[in-house]
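Student: With the hints as a guide, bring both chains together as one complex.
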Amino acid sequence: MPQWVNEDMGAGSLALDCDAELMLRVRDGDGASFALLLDKYRVSVAHFLYRMVQDQPVAEELAQEVFLRVYKSRESYEPTAKFTTWLYRIATHLALNWLRDEKNDRAQERLDEVAGDAPVREVADRTPSVEHQMVRQVKLDEVRKAVAALPDKQRAAVLMHKYEEMDYSQIARVLSCSESAVKSLLFRAYETLRVRLAHMA
Amino acid sequence: MNCPIKTQENREWLVEYSAGRLDRERAVMVERHVEACPACARFVEEQRIVWNALGQWDAPELSADFNRRLYQRVDRAQPSSWLQRFWRPLVPVAALCLLIVAGVVLRAPIAGLNPAPSRGESVEPEQVERTLDDLQMLREMALTPSQEAGTTQPM
Numbered sequence: 001m002p003q004w005v006n007e008d009m010g011a012g013s014l015a016l017d018c019d020a021e022l023m024l025r026v027r028d029g030d031g032a033s034f035a036l037l038l039d040k041y042r043v044s045v046a047h048f049l050y051r052m053v054q055d056q057p058v059a060e061e062l063a064q065e066v067f068l069r070v071y072k073s074r075e076s077y078e079p080t081a082k083f084t085t086w087l088y089r090i091a092t093h094l095a096l097n098w099l100r101d102e103k104n105d106r107a108q109e110r111l112d113e114v115a116g117d118a119p120v121r122e123v124a125d126r127t128p129s130v131e132h133q134m135v136r137q138v139k140l141d142e143v144r145k146a147v148a149a150l151p152d153k154q155r156a157a158v159l160m161h162k163y164e165e166m167d168y169s170q171i172a173r174v175l176s177c178s179e180s181a182v183k184s185l186l187f188r189a190y191e192t193l194r195v196r197l198a199h200m201a
Numbered sequence: 202m203n204c205p206i207k208t209q210e211n212r213e214w215l216v217e218y219s220a221g222r223l224d225r226e227r228a229v230m231v232e233r234h235v236e237a238c239p240a241c242a243r244f245v246e247e248q249r250i251v252w253n254a255l256g257q258w259d260a261p262e263l264s265a266d267f268n269r270r271l272y273q274r275v276d277r278a279q280p281s282s283w284l285q286r287f288w289r290p291l292v293p294v295a296a297l298c299l300l301i302v303a304g305v306v307l308r309a310p311i312a313g314l315n316p317a318p319s320r321g322e323s324v325e326p327e328q329v330e331r332t333l334d335d336l337q338m339l340r341e342m343a344l345t346p347s348q349e350a351g352t353t354q355p356m
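From first to last, the protein sequence lines stand for chains A and B. The opening residue of the first sequence carries number 1 in this note's numbering; numbering runs sequentially from there. The opening residue of the second sequence carries number 202 in this note's numbering; numbering runs sequentially from there.
Just chain B, same shape as in the assembly (with noise of 0.2 Å):
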């Protein structure tokens, strides 16, 4: 047998015989050439320390409940009885309807707006003239005191 180690052929045959994995004419041969080979028996001592302490590493154990968490979860993820199966089919049916709906209700308050700008037309002249006895009044306000301010002057 050649060095798996030299060669890197048949590694894995190190491995598995550290393991104590290797079928028996396998691990006879790679016995004899561990015994012969110090580099290999290197390997093959530090392997088993490994292989030791990962197996002394255990898993915690798991919840009582798991099962009964895993069967919520299934029952979720299926329809629960025939009458589910009967609606699911129709809920794009509904999704459309309600939008049919929506669009109804949304273009009404526009058409009932449409006649706002006609009607803010119409009132438009009488609001400017407004506007404009405003700042008519405002002027003749802001005049008379600096006229006031005018005659104490020379005093």
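In isolation and in its complexed conformation, chain A is listed as follows (with noise of 0.2 Å):
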């Protein structure tokens, strides 16, 4: 076992990390290596941060900012935790600050517009195909607005573990909080969802 590997990446993951290898390659000075991570993991970091701020420019923007600090701090970078769990850790304090900063105003007038411009409201048509559309667009929007509705960290928590398939004690650690804590965060946030989703049957 390489001596870099800490027991903070948990049992699951002591086979090795090969992204906190293929990180030390480039802290090494290869590029090629960054190259790889990026494109392993950009789409992944890209989805999460989209979910989090729901504005496809502002994410994309986070998400270059989150590559760009992982090169900037290539040199500092000991793998003492999961390389997924650190880039996570920089992707959620960025979406975090963002969504502090704007407090959700803008945020949320951009997703009454898009709604607005939705094509539920402006197709005339009454095909199956396109009513089926605008159903599933009507939906759509609910989830949307019932997760952007949630508080910031859980639903950081939330998108981590329905769509990164993160584990409990992940999560904590790159929300910086205890297991329990997250456990309690998940409970809340999918107590708050089943009540605003369960028409949706």
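Some hints here could point you the wrong way.
If the Cβ cut is set under 8 Å, some of the chain B residues that face chain A in the computed set are [stated by the list, open to error]:
hint: 1; residue: V216
hint: 2; residue: Q248
hint: 3; residue: L263
hint: 4; residue: N268
hint: 5; residue: R270
Chain A is nowhere near these chain B residues, computed Cβ spacing over 10 Å in every case [to be verified]:
hint: 6; residue: K207
hint: 7; residue: L291
hint: 8; residue: V294
hint: 9; residue: L300
Read the hints as simulated data drawn from the structure, not as lab findings. Computed from a predicted structure; not experimentally measured. Where is the CB? At the ideal position from N, CA and C, for every residue including glycine.
Tutor: Written as structure tokens, this is what we have:
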């Protein structure tokens, strides 16, 4: 086992965190390893950020900032945790800061604009496929609004749990809180979502 | 198995079970409990609705030029050549030189202006004298119309 593999990575990831190994190569000046990490994670990081801020240009800008920070801090990188924990900690930090600064006002406005421009209100044609599309669009808007209404940290926890398939301990390390705090965050978040989305059966 | 909802123990098992992520051993335990507990059965049903609804939410694709823009930023973030690396330490020295030059430039006109007050002091009596003359002239001009007016009044 390489000396740099830390116990914080957890039993499941002790089978060499290849990403951490790649990052160590980036630290040594290997640009190709950075390209590999970028190709592997850019989509999932950008999608996570999109669902956090619900604004595509902002999400892409933040995703760029995440990878720029990864690159800039390569010289001081130490694999004390899984690479993805570190990566999502940066992403979550940037997203939470953005949300704090914007305080959802602009994001909510844009969300409403998007909902207002959606085909559901523009399309007059009533063929079944269009209706199906309209219903789907309405449902998606409800899901997005329900997630946007969650407190920022609960939202981050749900998105990491659902879409990134992270376990409770990794979410806890990303959010720098205890595992029991994550359980509580997720339970409250899902409780809210169950109430808001119960009719979507 | 105790009821997770009543006891608030292992509530996350219900969440994981609903998502199909619970390990087999626990999943069997939860399944048996859910069959006998209406509250947990309802929880699982509602949680699955949420899970499926979230699953329909796709994120948009990334811009095609995402990597290109990122690498541009990466390039800007680091010194692009050995020349830049060489010049970077010299920036403070250059700034210091600029400060010195600015000091010299600013000091020169001050030195040039210094004699001005002394010249002003030597001129001052003349100016006072001229001003007094002007005032005298104005007084005389002011008196003349009123005297004229005095002479014309009786008419």
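Student: Decide, hint by hint, whether the structure agrees.
Tutor: Hint by hint, here is what the structure shows:
no. : hint : in the structure
1   : V216 : 6 Å, holds
2   : Q248 : 6 Å, holds
3   : L263 : 5 Å, holds
4   : N268 : 7 Å, holds
5   : R270 : 6 Å, holds
6   : K207 : 15 Å, holds
7   : L291 : 23 Å, holds
8   : V294 : 26 Å, holds
9   : L300 : 31 Å, holds
The structure meets every hint from the earlier list without exception.
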